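Asker: From just these sequences and the hints, can you work out the full model?
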Amino acid sequence: MDYLSDMALFVEVAQANGFSRAAAKLGIPQSTLSRRIAALEAALGLRLFNRSTRRLELTGAGAYYLERALPIITEARLLHGQLDDMRVSLPVDMAYQMVAPLLPEFAERHPLLRIDFDVTPRQVDLISEPFDLAVRTGKLPDSGYIATPLAAFSGCLYAAPSYLTRHGEPQSPQDLANHPCLRYGANSPGMIRQMAAAGLGIALLPEILVREDVAQSSLKAILPNWRSETTPVHALTATRLITANVRAFVGFLREKWAE
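With UniProt numbering applied, the sequence shown has no gaps in its numbers, which climb one by one up to 259 at the end.
Hints listed in this document are in silico derivations from the structure and should not be mistaken for laboratory results.
One should not assume that every hint holds.
What the hints assert, rightly or not - For lysine-lysine, the following DSS-like pairs were computed, each having C-alpha atoms within a straight-line distance of at most 30 angstroms: (1) LYS139 - LYS256; (2) LYS220 - LYS139; (3) LYS256 - LYS220.
Fair warning: this is a prediction, and the values are worked out from it, not measured in the lab.
Answerer: Spelled out as C-alpha coordinates, the structure:
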(Lines of atoms letter the chains of each structure in order from A and count residues from 1; the text may use other names and numbers.)
(Lines give C-alpha, C1' and ligand atoms only; values in the text may rest on other atoms or scores of the structure.)
Protein backbone atom coordinates (compact mmCIF):
# COMPACT_ATOMS: atom_id res chain seq x y z
CA MET A 1 0.00 0.00 0.00
CA ASP A 2 1.30 3.47 -0.94
CA TYR A 3 0.72 5.21 2.37
CA LEU A 4 2.13 8.58 1.26
CA SER A 5 -0.13 8.74 -1.81
CA ASP A 6 -3.21 7.77 0.18
CA MET A 7 -2.25 10.24 2.89
CA ALA A 8 -2.13 12.95 0.22
CA LEU A 9 -5.57 11.89 -1.03
CA PHE A 10 -6.91 12.06 2.52
CA VAL A 11 -5.56 15.60 2.89
CA GLU A 12 -7.25 16.63 -0.37
CA VAL A 13 -10.62 15.24 0.77
CA ALA A 14 -10.32 16.89 4.18
CA GLN A 15 -9.39 20.27 2.69
CA ALA A 16 -12.12 20.08 0.04
CA ASN A 17 -14.63 18.94 2.68
CA GLY A 18 -16.03 16.37 0.29
CA PHE A 19 -15.18 13.49 -2.01
CA SER A 20 -16.79 14.97 -5.12
CA ARG A 21 -14.89 18.28 -4.94
CA ALA A 22 -11.62 16.54 -4.17
CA ALA A 23 -12.11 14.04 -7.01
CA ALA A 24 -12.88 16.86 -9.45
CA LYS A 25 -9.76 18.74 -8.39
CA LEU A 26 -7.59 15.62 -8.66
CA GLY A 27 -9.15 14.48 -11.93
CA ILE A 28 -9.97 10.97 -10.72
CA PRO A 29 -13.31 9.14 -10.33
CA GLN A 30 -15.04 9.72 -7.02
CA SER A 31 -15.45 5.96 -6.59
CA THR A 32 -11.68 5.49 -6.87
CA LEU A 33 -11.02 8.20 -4.32
CA SER A 34 -13.59 6.76 -1.90
CA ARG A 35 -12.08 3.29 -2.26
CA ARG A 36 -8.56 4.56 -1.57
CA ILE A 37 -9.67 6.39 1.58
CA ALA A 38 -11.55 3.32 2.76
CA ALA A 39 -8.40 1.24 2.22
CA LEU A 40 -6.38 3.78 4.23
CA GLU A 41 -8.90 3.60 7.07
CA ALA A 42 -8.75 -0.20 7.00
CA ALA A 43 -4.95 -0.17 7.09
CA LEU A 44 -4.94 2.25 10.02
CA GLY A 45 -7.77 0.49 11.80
CA LEU A 46 -9.41 3.89 12.29
CA ARG A 47 -12.39 5.73 10.88
CA LEU A 48 -11.15 9.07 9.57
CA PHE A 49 -14.47 10.48 8.34
CA ASN A 50 -18.05 10.35 9.50
CA ARG A 51 -20.04 9.99 6.29
CA SER A 52 -23.69 10.82 5.69
CA THR A 53 -25.75 11.71 2.64
CA ARG A 54 -25.64 15.40 3.61
CA ARG A 55 -22.20 16.02 5.01
CA LEU A 56 -18.71 14.71 5.59
CA GLU A 57 -16.95 15.34 8.89
CA LEU A 58 -13.58 14.41 10.30
CA THR A 59 -13.64 12.12 13.30
CA GLY A 60 -11.41 12.90 16.26
CA ALA A 61 -8.88 10.45 14.86
CA GLY A 62 -9.26 12.03 11.43
CA ALA A 63 -8.59 15.52 12.78
CA TYR A 64 -5.45 14.27 14.54
CA TYR A 65 -4.32 12.41 11.41
CA LEU A 66 -4.83 15.56 9.31
CA GLU A 67 -2.83 17.64 11.79
CA ARG A 68 0.10 15.23 11.52
CA ALA A 69 -0.26 14.45 7.81
CA LEU A 70 -0.55 18.00 6.49
CA PRO A 71 3.07 19.08 7.17
CA ILE A 72 4.35 15.79 5.75
CA ILE A 73 2.39 16.20 2.52
CA THR A 74 3.28 19.89 2.28
CA GLU A 75 6.98 19.14 2.58
CA ALA A 76 6.70 16.33 0.04
CA ARG A 77 5.05 18.72 -2.40
CA LEU A 78 7.83 21.21 -1.83
CA LEU A 79 10.38 18.56 -2.71
CA HIS A 80 8.62 16.81 -5.57
CA GLY A 81 5.73 19.05 -6.60
CA GLN A 82 5.36 21.89 -9.03
CA LEU A 83 8.26 23.90 -7.74
CA ASP A 84 8.51 25.99 -10.91
CA ASP A 85 4.87 27.14 -10.68
CA MET A 86 3.15 29.42 -8.21
CA ARG A 87 -0.44 30.64 -7.86
CA VAL A 88 -0.98 34.06 -6.30
CA SER A 89 -4.17 35.92 -5.39
CA LEU A 90 -4.06 39.72 -5.74
CA PRO A 91 -6.61 42.54 -5.43
CA VAL A 92 -7.44 44.04 -8.83
CA ASP A 93 -5.90 47.50 -8.44
CA MET A 94 -2.80 46.17 -6.75
CA ALA A 95 -2.27 43.68 -9.57
CA TYR A 96 -2.49 46.24 -12.36
CA GLN A 97 -0.96 49.29 -10.70
CA MET A 98 1.59 47.96 -8.22
CA VAL A 99 2.62 44.45 -9.29
CA ALA A 100 2.39 44.27 -13.09
CA PRO A 101 4.99 47.04 -13.65
CA LEU A 102 7.48 45.08 -11.51
CA LEU A 103 7.10 41.74 -13.28
CA PRO A 104 9.66 42.28 -16.07
CA GLU A 105 12.41 42.69 -13.48
CA PHE A 106 11.18 39.69 -11.49
CA ALA A 107 11.03 37.57 -14.67
CA GLU A 108 14.60 38.56 -15.48
CA ARG A 109 15.74 37.40 -12.04
CA HIS A 110 13.69 34.18 -12.14
CA PRO A 111 13.27 33.20 -15.80
CA LEU A 112 12.07 29.64 -15.10
CA LEU A 113 9.34 30.56 -12.63
CA ARG A 114 5.77 30.58 -13.92
CA ILE A 115 3.22 32.54 -11.87
CA ASP A 116 -0.54 32.16 -12.25
CA PHE A 117 -2.18 35.35 -10.94
CA ASP A 118 -5.78 35.24 -9.78
CA VAL A 119 -6.88 38.88 -9.84
CA THR A 120 -10.00 39.11 -7.73
CA PRO A 121 -11.49 41.14 -4.87
CA ARG A 122 -12.74 38.03 -3.09
CA GLN A 123 -10.99 36.52 -0.08
CA VAL A 124 -9.67 33.19 -1.34
CA ASP A 125 -9.40 30.18 0.95
CA LEU A 126 -5.73 29.26 1.16
CA ILE A 127 -6.58 25.92 2.78
CA SER A 128 -9.16 24.50 0.39
CA GLU A 129 -8.12 26.33 -2.81
CA PRO A 130 -4.86 25.78 -4.71
CA PHE A 131 -3.13 29.06 -3.86
CA ASP A 132 0.44 29.42 -2.67
CA LEU A 133 0.09 33.03 -1.64
CA ALA A 134 -2.39 35.89 -1.26
CA VAL A 135 -1.46 39.55 -0.92
CA ARG A 136 -3.91 41.70 1.04
CA THR A 137 -4.10 45.29 2.31
CA GLY A 138 -5.58 46.69 5.49
CA LYS A 139 -6.48 45.04 8.75
CA LEU A 140 -6.46 41.26 8.49
CA PRO A 141 -9.29 39.06 9.76
CA ASP A 142 -8.46 36.34 12.25
CA SER A 143 -8.05 33.59 9.65
CA GLY A 144 -5.25 31.50 11.11
CA TYR A 145 -3.07 32.19 8.06
CA ILE A 146 0.60 33.09 8.33
CA ALA A 147 0.95 36.84 7.65
CA THR A 148 4.26 38.30 6.48
CA PRO A 149 4.49 42.14 6.39
CA LEU A 150 5.39 43.49 2.94
CA ALA A 151 4.94 47.23 3.26
CA ALA A 152 2.97 50.02 4.90
CA PHE A 153 1.69 52.74 2.58
CA SER A 154 0.53 56.18 3.63
CA GLY A 155 -1.80 58.33 1.57
CA CYS A 156 -1.41 61.88 0.32
CA LEU A 157 -3.81 64.31 -1.30
CA TYR A 158 -3.60 64.75 -5.07
CA ALA A 159 -5.40 66.80 -7.68
CA ALA A 160 -5.06 67.44 -11.39
CA PRO A 161 -3.54 70.77 -12.51
CA SER A 162 -6.79 71.48 -14.37
CA TYR A 163 -8.73 71.16 -11.12
CA LEU A 164 -6.31 73.43 -9.25
CA THR A 165 -6.57 76.04 -12.01
CA ARG A 166 -10.35 76.14 -11.61
CA HIS A 167 -10.60 75.90 -7.82
CA GLY A 168 -7.24 77.03 -6.48
CA GLU A 169 -4.84 75.02 -4.34
CA PRO A 170 -5.63 74.42 -0.66
CA GLN A 171 -3.00 75.84 1.68
CA SER A 172 -4.20 74.16 4.87
CA PRO A 173 -6.38 71.18 5.81
CA GLN A 174 -9.12 73.65 6.79
CA ASP A 175 -9.25 74.87 3.17
CA LEU A 176 -10.48 71.44 2.10
CA ALA A 177 -13.92 72.35 3.45
CA ASN A 178 -14.21 74.79 0.53
CA HIS A 179 -13.38 72.15 -2.06
CA PRO A 180 -15.74 69.53 -3.49
CA CYS A 181 -13.03 66.88 -3.29
CA LEU A 182 -14.21 63.86 -5.24
CA ARG A 183 -17.95 63.82 -5.70
CA TYR A 184 -17.93 60.18 -6.70
CA GLY A 185 -17.37 57.20 -4.44
CA ALA A 186 -15.59 54.01 -5.50
CA ASN A 187 -14.03 51.01 -3.81
CA SER A 188 -11.26 51.00 -6.41
CA PRO A 189 -8.19 53.20 -5.80
CA GLY A 190 -7.39 52.88 -9.50
CA MET A 191 -10.75 54.36 -10.47
CA ILE A 192 -10.38 57.17 -7.93
CA ARG A 193 -6.92 57.89 -9.36
CA GLN A 194 -8.36 58.19 -12.87
CA MET A 195 -11.17 60.46 -11.69
CA ALA A 196 -8.68 62.72 -9.93
CA ALA A 197 -6.50 62.87 -13.05
CA ALA A 198 -9.61 63.86 -15.02
CA GLY A 199 -10.01 66.91 -12.79
CA LEU A 200 -13.06 65.74 -10.86
CA GLY A 201 -11.69 66.60 -7.44
CA ILE A 202 -9.10 66.03 -4.75
CA ALA A 203 -8.27 62.43 -3.90
CA LEU A 204 -6.49 60.66 -1.05
CA LEU A 205 -4.27 58.04 -2.67
CA PRO A 206 -1.18 55.95 -1.83
CA GLU A 207 2.02 57.55 -3.09
CA ILE A 208 3.12 54.36 -4.82
CA LEU A 209 -0.04 54.37 -6.92
CA VAL A 210 0.47 57.84 -8.40
CA ARG A 211 4.24 58.10 -8.90
CA GLU A 212 3.91 57.97 -12.67
CA ASP A 213 1.05 60.50 -12.67
CA VAL A 214 3.09 62.93 -10.58
CA ALA A 215 6.15 62.44 -12.80
CA GLN A 216 4.00 63.18 -15.88
CA SER A 217 2.34 66.16 -14.15
CA SER A 218 -1.14 64.70 -14.56
CA LEU A 219 -1.50 64.83 -10.77
CA LYS A 220 0.05 67.17 -8.22
CA ALA A 221 0.51 66.55 -4.50
CA ILE A 222 -1.22 69.13 -2.34
CA LEU A 223 -0.59 69.75 1.35
CA PRO A 224 2.53 67.55 1.00
CA ASN A 225 3.31 67.71 4.72
CA TRP A 226 0.01 66.04 5.57
CA ARG A 227 -0.27 62.26 5.32
CA SER A 228 -2.85 59.71 6.29
CA GLU A 229 -2.20 56.82 8.64
CA THR A 230 -0.34 53.94 7.04
CA THR A 231 -2.14 50.95 5.57
CA PRO A 232 -0.32 47.63 6.01
CA VAL A 233 0.16 45.12 3.20
CA HIS A 234 0.73 41.44 4.02
CA ALA A 235 1.58 38.24 2.21
CA LEU A 236 -0.64 35.41 3.45
CA THR A 237 0.24 31.72 3.31
CA ALA A 238 -1.51 28.70 4.76
CA THR A 239 1.64 27.47 6.47
CA ARG A 240 5.11 28.66 7.43
CA LEU A 241 6.52 25.95 5.19
CA ILE A 242 6.79 27.70 1.80
CA THR A 243 8.74 27.09 -1.38
CA ALA A 244 11.86 29.02 -2.29
CA ASN A 245 9.90 30.56 -5.17
CA VAL A 246 7.22 31.95 -2.85
CA ARG A 247 9.94 33.27 -0.58
CA ALA A 248 11.66 34.91 -3.56
CA PHE A 249 8.45 36.62 -4.72
CA VAL A 250 7.62 37.87 -1.23
CA GLY A 251 11.15 39.21 -0.80
CA PHE A 252 11.02 40.89 -4.20
CA LEU A 253 7.78 42.73 -3.42
CA ARG A 254 9.12 43.84 -0.06
CA GLU A 255 12.30 45.12 -1.72
CA LYS A 256 10.58 47.03 -4.53
CA TRP A 257 7.83 48.53 -2.40
CA ALA A 258 10.41 49.85 0.04
CA GLU A 259 12.08 51.91 -2.68
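Asker: Would you mind marking each hint as holding or not holding in the structure?
Answerer: Against the structure, the hints:
| no. | hint | result |
| --- | --- | --- |
| 1 | LYS139 - LYS256 | holds (22 angstroms) |
| 2 | LYS220 - LYS139 | holds (29 angstroms) |
| 3 | LYS256 - LYS220 | holds (23 angstroms) |
Checked against the numbered hints above, the structure breaks none of them.
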